[in-house]
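K.L.:
In the order they appear, the protein sequences are chains F and R.
With the working numbering, letter number 22 in the first sequence gets 28, and the count goes up by one each step, no holes.
With the working numbering, letter number 104 in the second sequence gets 200, and the count goes up by one each step, no holes.
Since the hints were made in silico from the structure, they are not lab data.
Predicted model, so just to flag it, every value in this text is computed and none were measured.
Among these hints, one or two may not hold up.
To be clear about the criterion: a stretch of chain R counts as covered by chain F if any three or more of its residues have a C-beta under 8 angstroms from a C-beta of chain F, and this derived list gives those stretches [what the hints assert, rightly or not]:
id: 1; segment: 167 to 178
id: 2; segment: 193 to 200
id: 3; segment: 265 to 276
Don't be surprised by glycine CBs; every beta carbon is placed ideally from N, CA and C.
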Amino acid sequence: MLYREAGDFKKSYAEDSQTFPLKLDRWGYYVLLAVAFLGVPLVINDYWASAVLIPFLIWTIAALGLNILTGYCGQLSLGSGGFMAVGAYASYKLMTSFPDLNIMIIVLISGAITAAVGVVFGLPSLRIKGFYLAVATLAAQFFLVWLFNKVEWFYNYSASGQISAPKREMFGFEVTGPSATAEAKYLFCLVLVVLLAWVARNLTRGRIGRSWMAIRDMDIAAEIIGVNPLKTKLTAFAISSFFIGVAGALFFAVYLGAVEVGEAFGIQKSFLVLFMIIIGGLGSILGSFIGAAFLVLLPVLLKNIMVGWLGWPIDLAAHIELVSIGFIIMLTLVLEPHGMAQLWRVTKQKLRLWPFPH
Amino acid sequence: MKFNKLAAIAVAAVTAASPVLADLVFPSLSYRTGPYAANGIPFADGFADYFTLLNERDGGIGGVMTTVIECETGYSTEKGVECYEATKGEGALMYQPLSTGITYQLIPKTAADGIPMLTSGYGRTSAANGDVFSHTFNFPANYWNGASIAVSHILDLNDGNIEDKTIALVYHNSAYGKEPIRTLEALAEKHGFNLTLLPVDAPGQEQKSQWLQIRRERPDYVLMWGWGVMNPVAIQEAANIRYPMENFIGIWWSGSENDVAPSGDGAHGYKALAFHAAGRDFPLFDDLQELVIDAGLAAGDGEHVGTVLYNRGMYGAVMAAEAVKVAQEMHGVAQINASMMRDGLENLVISDEIMAAIGLQGFGPNFEVSCENHGGPGLGRIQQWDASTESWSMITDFIEPDMDIIQPLIDADSAAYAAENGIESQCN
Chain F
7 MLYREAGDFK
17 KSYAEDSQTF
27 PLKLDRWGYY
37 VLLAVAFLGV
47 PLVINDYWAS
57 AVLIPFLIWT
67 IAALGLNILT
77 GYCGQLSLGS
87 GGFMAVGAYA
97 SYKLMTSFPD
107 LNIMIIVLIS
117 GAITAAVGVV
127 FGLPSLRIKG
137 FYLAVATLAA
147 QFFLVWLFNK
157 VEWFYNYSAS
167 GQISAPKREM
177 FGFEVTGPSA
187 TAEAKYLFCL
197 VLVVLLAWVA
207 RNLTRGRIGR
217 SWMAIRDMDI
227 AAEIIGVNPL
237 KTKLTAFAIS
247 SFFIGVAGAL
257 FFAVYLGAVE
267 VGEAFGIQKS
277 FLVLFMIIIG
287 GLGSILGSFI
297 GAAFLVLLPV
307 LLKNIMVGWL
317 GWPIDLAAHI
327 ELVSIGFIIM
337 LTLVLEPHGM
347 AQLWRVTKQK
357 LRLWPFPH
Chain R
97 MKFNKLAAIA
107 VAAVTAASPV
117 LADLVFPSLS
127 YRTGPYAANG
137 IPFADGFADY
147 FTLLNERDGG
157 IGGVMTTVIE
167 CETGYSTEKG
177 VECYEATKGE
187 GALMYQPLST
197 GITYQLIPKT
207 AADGIPMLTS
217 GYGRTSAANG
227 DVFSHTFNFP
237 ANYWNGASIA
247 VSHILDLNDG
257 NIEDKTIALV
267 YHNSAYGKEP
277 IRTLEALAEK
287 HGFNLTLLPV
297 DAPGQEQKSQ
307 WLQIRRERPD
317 YVLMWGWGVM
327 NPVAIQEAAN
337 IRYPMENFIG
347 IWWSGSENDV
357 APSGDGAHGY
367 KALAFHAAGR
377 DFPLFDDLQE
387 LVIDAGLAAG
397 DGEHVGTVLY
407 NRGMYGAVMA
417 AEAVKVAQEM
427 HGVAQINASM
437 MRDGLENLVI
447 SDEIMAAIGL
457 QGFGPNFEVS
467 CENHGGPGLG
477 RIQQWDASTE
487 SWSMITDFIE
497 PDMDIIQPLI
507 DADSAAYAAE
517 NGIESQCN
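Here chain F stands alone, though its shape is the one from the complex:
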């Protein structure tokens, strides 16, 4: 009744192929953007920014990146943590070598450097597939972490191997460093998320995205109809790594401020991003957002309920948190194997027909 296309006429090809064909969807999207850009900065505080919103935004970028590679192009990767480390260390070297460079440019160049590294580690994908490729990317993960631990140049020969983000400004507002405000950090990440999600959405429904999906669905058939596997797989690795590199740069510079490669970008981070896209939905932009939200926000929520409201001992709460998140993941995957984005698609279908399901 409420949610349907009747009366929503399309007068041009552009209108017909827009991302949100329904007026209600479109308005929902505009309202969401307005709230995110104008509403949230008015109420945000340090806790909400550092514990909830900034990690959510950064993990969304990483999940978008891995979703391009795994969800759209079908190349399983366990190297996300290592690629995030490349982004983080690239941004650190750029920040300390070129103090006058704008932080936005630094983040984007860090993404580009990660893209180059990603292409190198993507080369094996031309010969090996599936689980074997996963093992090859696992090698990337371990090699990169080892590299940033071993070669002192990457951390400017500091005594401990920790890297710390110095202060950098954008339009006169500090976005990195200890005195950056919650609003500035949040808006900086938000701009990048909106920009990159827009790029990802439009890439995946254009020629490049279609060639990725052709390779994913059946690579031999794709090759026969003229999709070049070399170019397609390597563009997927490059663009995916660009996203993950940007996420790594933000993770270090804006979110944590100081990292150490083994702890911050270990193998568990690679699995975390993979779980995000599996739970959220493979091959779905919305799924990347939902997956990141699920795995970043749920632990914080559970902790606040158990410790903050119920006053349980913190160790008990931490254990129950692990158990219940594992249980919810299993439950979701059993009930909806295509991820939470599929739940949303089904809901939309039902809403369109409602209240006359037949």
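Go by the hints and put chain R onto chain F.
P.N.:
What follows is chain R alone, placed relative to chain F:
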């Protein structure tokens, strides 16, 4: 009906749990879960129990009750950030994160928020330079002191000549484990010994190749910078290759009962550094037993009391409480805030009389903190494990570190930090 009951319990829990703002609030970023829990639990218990004792026995400090807010980090830096942001608004006076990774992150944040942080025996060593690190304190000793004390001990054993001896460093391959390398390199140059570096990747359950190398090369001494599960594994491996235990020296984080007990008799003679005593032969423990543990108010089950890490957590709380007293006296108010707490820490003096008044005479070193020196004198002792009695015994008096080597390193590292972050001198 059932729901109402639950709601009532929830409300009661909230009112009980939320701290009253008119307290002295000490957040405890603890880790009772995860791979380092075995070490995190006794430390957090010791920290909490001492404040409970102060509340029960003295009615707080200077008439103001104390509150410890615990927040679980699991030794993860991300959760550390969340815990910091969640607790800093509650009137937090001081942080003790017990993690070098979280410390690095909090150094700029605490300075920006004006909350002091005490990292006794861990964290960023160059924070000893209070001229640059205004809100970070790492008295009474730090990693570089530890490295120098260990080498001094080896010098004593060899009548001052260790030329051409080989010392191997087995270290946790992280910020924490890498800290002593620079000092050891400088000391190797000065005393002419050879240094072999053997990194162990976290968490450290797999050390076969490192110990194979030690077995092959037979270094004269092995130093260890380990934490968590890495320690017992290393001691077990050393026992397996029959490495002479008296030549195996751990930093103070590698010298707790948890680390040596699993190896049984094999660990007999293992040495570790210490900046405070182990055991419970101090008058304070009688009060603690009576008013906290027997009264059922202990944070844990009471079985860790007197162990190395419990005592270290308690020592952290003791120094915090003494700094509160200094701050209360300086500013003439009982309800101090974080910036007064910083002044208290910076003017802290620990003497025999003060330690005797607490009931801990001879527990730790005497020291004075100043604006320039946030690190104290860096004194440490060597303790040795006796597997038959299952206890640590001190085998040396307090040893002075070689500040001729360490001070230039501290100055250089803190100057680099000051330049990178545009920090101006704060003393004078």
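K.L.:
Could you run down the list of hints and mark each one as holding or not?
P.N.:
Taking the hints in turn, this is what the structure says about them:
| no. | hint | result |
| --- | --- | --- |
| 1 | 167 to 178 | holds (count 8) |
| 2 | 193 to 200 | holds (count 3) |
| 3 | 265 to 276 | holds (count 6) |
Checked against the numbered hints given earlier, this structure breaks none of them.
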